[in-house]
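Asks: With the hints as constraints, model all of the structure from the sequences given.
Residue numbers for the sequence shown, in this note's numbering: 426 to 1260.
Keep in mind that the hints were calculated from the coordinates and are not lab data.
Ideal Cβ positions, reconstructed from N, Cα and C, are used throughout, including at glycine.
Treat the hints with caution; some may be incorrect.
Claimed, not checked - Once the Cα atoms are required to be at most 20 Å apart in a straight line, the calculated PhoX-like pairs of lysine-lysine come out as:
id, residue 1, residue 2
1, 1057, 1077
2, 481, 597
3, 620, 475
Said to hold, decoys possible - Computed Cβ-Cβ distance ranges for the label pairs, DEER-style:
id, residue 1, residue 2, range
4, 737, 805, 28 to 36 Å
5, 761, 904, 37 to 45 Å
6, 872, 643, 47 to 55 Å
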Amino acid sequence: MLKFRTCTHAHAQFVYHPPRCNPRLWLTVSLPESLLFVSTLDGNLHAVSKKSGSIKWTLKEDPVLQVPTHVAEPAFLPDPNDGSLYSLGGKNNEGLTKLPFTIPELVQASPCRSSDGVLYMGKKQDLWYVVDLLTGEKQQTLTSSFAEMLCPSSSLLYLGRTEYTITMYDTKSRELRWNATYSDYASTLPDDDTKYKMAHFVSNGDGLVVTVDSESGDVQWVQNYNSPVVAMYIWQREGLRKVPHTNVAVETLRYLTFMSGEVGRITQWKYPFPKENKPKNKFLKNLNPVFTVRIYVFVLSEEDSNIVRVGNITFRPKEVLGHGAEGTIVYKGQFDNRAVAVKRILPECFSFADREVQLLRESDEHPNVIRYFCTERDRQFQYIAIELCAASLQEYVESKDFDRHGLEPVMLLQQTMSGLAHLHSLNIVHRDLKPHNILVSMPNAHGRVRAMISDFGLCKKLAVGRHSFSRRSGVPGTEGWIAPEVLSEDCKDNPTCAVDIFSAGCVFYYVVSRGSHPYGKSLQRQANILLGTYSLDYLQTDKHEAIVARALIEQMLSMEPHKRPSAESILKHPFFWSLEKELQFFQDVSDRIEKEPLDGPIVRQLERGGRAVVKGDWREHITVPLQTDLRKFRSYKGGSARDLLRAMRNKKHHYRELPAEVQETLGSIPDDFVSYFTSRFPHLLMHTYLAMRTCASERLFLPYYSTAEQLAKTQAQYTVHLGPQRQNEPCAQNLPTHTSSSEEPTHSQPVQVSHITPVESVPSTSPDEPVSPHLPVQTVPPTAPALSTQTDLHSQTVNPTFASESPTDPLRKKESSQCGKHTPPGPSTLDSEPV
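Replies: Here is the structure:
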């Protein structure tokens, strides 16, 4: 899978097109797999033979570094290998100091201003060179503004190059302080299983390169490219892969021992120096042209089980837990007698590693964020010790043998969102949320595990007072999980924390669907994301749990970032409610609206579309024992959602007084009881939840809703189709309307609930009609099996002796009530069940 990283070596591809028309020409062309590409400081890119190092062709471009020749102190010295910056001199004569940023990072952060009044301005330009593989002749140059065409060729290579230009302006002296241009060839990420069997050693002063077989220690070839080498690449699967090289002094390269950083063996290196290169150092004149130097080559071997110790971190190279981007390897190790995961990071990504460590230190106090322990560094690598985990979310979902230790999917997603909410509260945007970066911890002393967010390499810390980040640095994230506004050219606003919510929505569906992606297969995902084309087929709308999950995920996947709920708002969504909380919510709603008048805004909002929710007449869909018991004490309107909630509340309050047959039908409280109703009326919870948002600020409903500001941002996308839409109602102002179809159900038409549709797509054409106090008797089977098979056989038939509804129900008196005030129902509002 292609990863989009802000690291400069992984944002473009080098593509090879073999000749198609002339088979003979194909036989004469050197295969790119046989070539090594050497980039030198003077801007040349040499295509050389892997076996001999001889130059096949050279592509000449501008130097890798372009800096002013005369500057005042403090001077800035860039490193051509990765664009790192060093400062020399200054007020206190600090000497040579490495700065904590590179030229590409400065370009990414610009425009910015330092504390000493220096303004930083950056520019990034991408180019494509179309090169003839046989001759190295440049056939075409592609930029964002023009394309220069030369002679056509049948075998082409596409080479990407990026130029970073940084300019510093001093506001105190009002003069240009310094500027530089750094260029780098783009390369794709290496395969995790690739083992490079050559070691390259280059001199700092000239273009001398010595290539050694890393297994035998024998010198393969020696070449001088007349300019210091800054990068080396090989061909791998339709692209360039950057391979490591070691910079040493000329003298050191010729006769001193060297180390590659791992434990291995001692070999003899027979080094034939080229006769045409006369040594400039007088001491070297006394050396023979051919001699033997004893070299300590420390080679990493799969059979080697020795422990590597770097500071306080120890690990065995044999125990590899996984591989990451930019050549990162994760080992199982030890820190302070504690089992940890050790991330080994290459030098070119040290700056990203430092930022990751800084963000980990700031955020790892939360139980659902990976814990950081320490950082160590040697000559070649940086090592980060973090909490050791059992598996990733991908293994949790896709592995049938994985022991979940009781961590259910909903709880895992809740913990993930809790960790994400913590990051967002610290103004940290993760930017690469996906199953691979959500880990499952090791079991604790009680055998419990938890979900944790990991991999902070692409995280972005937003400045105080800012809510978005720039897109100038490239596209962060992994293809198929990136929010549309990050890639869309039509998006005018900078991305915000909502990019994490979108990725989390994809993760949610991945978990609940047991491995599916809402945007399809991997090759089409990102294109479908940009088109806004997704499928939630796994979440069928005739089940309560699926309806609730679909309502949440659709909001999280909204194409408009401002319509996605915040992480805190998601944590309060009914998707995470227990059955006990669902039942308590139904009871609180019934208590709240008991004294409300029928034509009051709250009741009208609840009843709008309610007939579809209760399937025309909810009395016809409950079991016969409960029907009989309800008729003993009062009359209920079968077409009223309010009366259904009242019946649920009354039976819960008087559960112990119910006949044994009714208790057996309803099941135990709370789980079986609430499932009895939500299985028969799967839209009831979401319909009630959205209808009661007008009272979200009341103390009674604070446990169920987020703040008013979050509610204003999150528009409901849950609509039920049935019956006419009521217009011009006072309670409907500034709220999405639960619309219904243009026809009322008839005696011959069974009541059904159709699919969920965004509110904006439903036209408002039908006139306002009052809720009918009487509904026709119908025979509609329940949507879910009841607890008792025997009673279900009777639940489909309506008892003709069921009490009729009356618009003058004495318990439905019109009493004035305001939305902000609530009077709990007294004893007279409950059924007077006999003891």
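Asks: Determine for every hint whether it applies to the structure shown.
Replies: Now for the hints, and whether the structure bears them out:
1. 1057 to 1077: Satisfied, since the Cα-Cα distance of roughly 16 Å is no more than 20 Å.
2. 481 to 597: Given pair residue 481, residue 597 is violated - Cα atoms ~52 Å apart, limit 20 Å.
3. 620 to 475: holds, 15 Å
4. 737 to 805: 28 to 36 Å: violated, 18 Å
5. 761 to 904: 37 to 45 Å: At 38 Å between Cβs, range holds.
6. 872 to 643: 47 to 55 Å: holds, 54 Å
Consistency with the previously given hints fails for numbers 2 and 4, ordered from lowest to highest.
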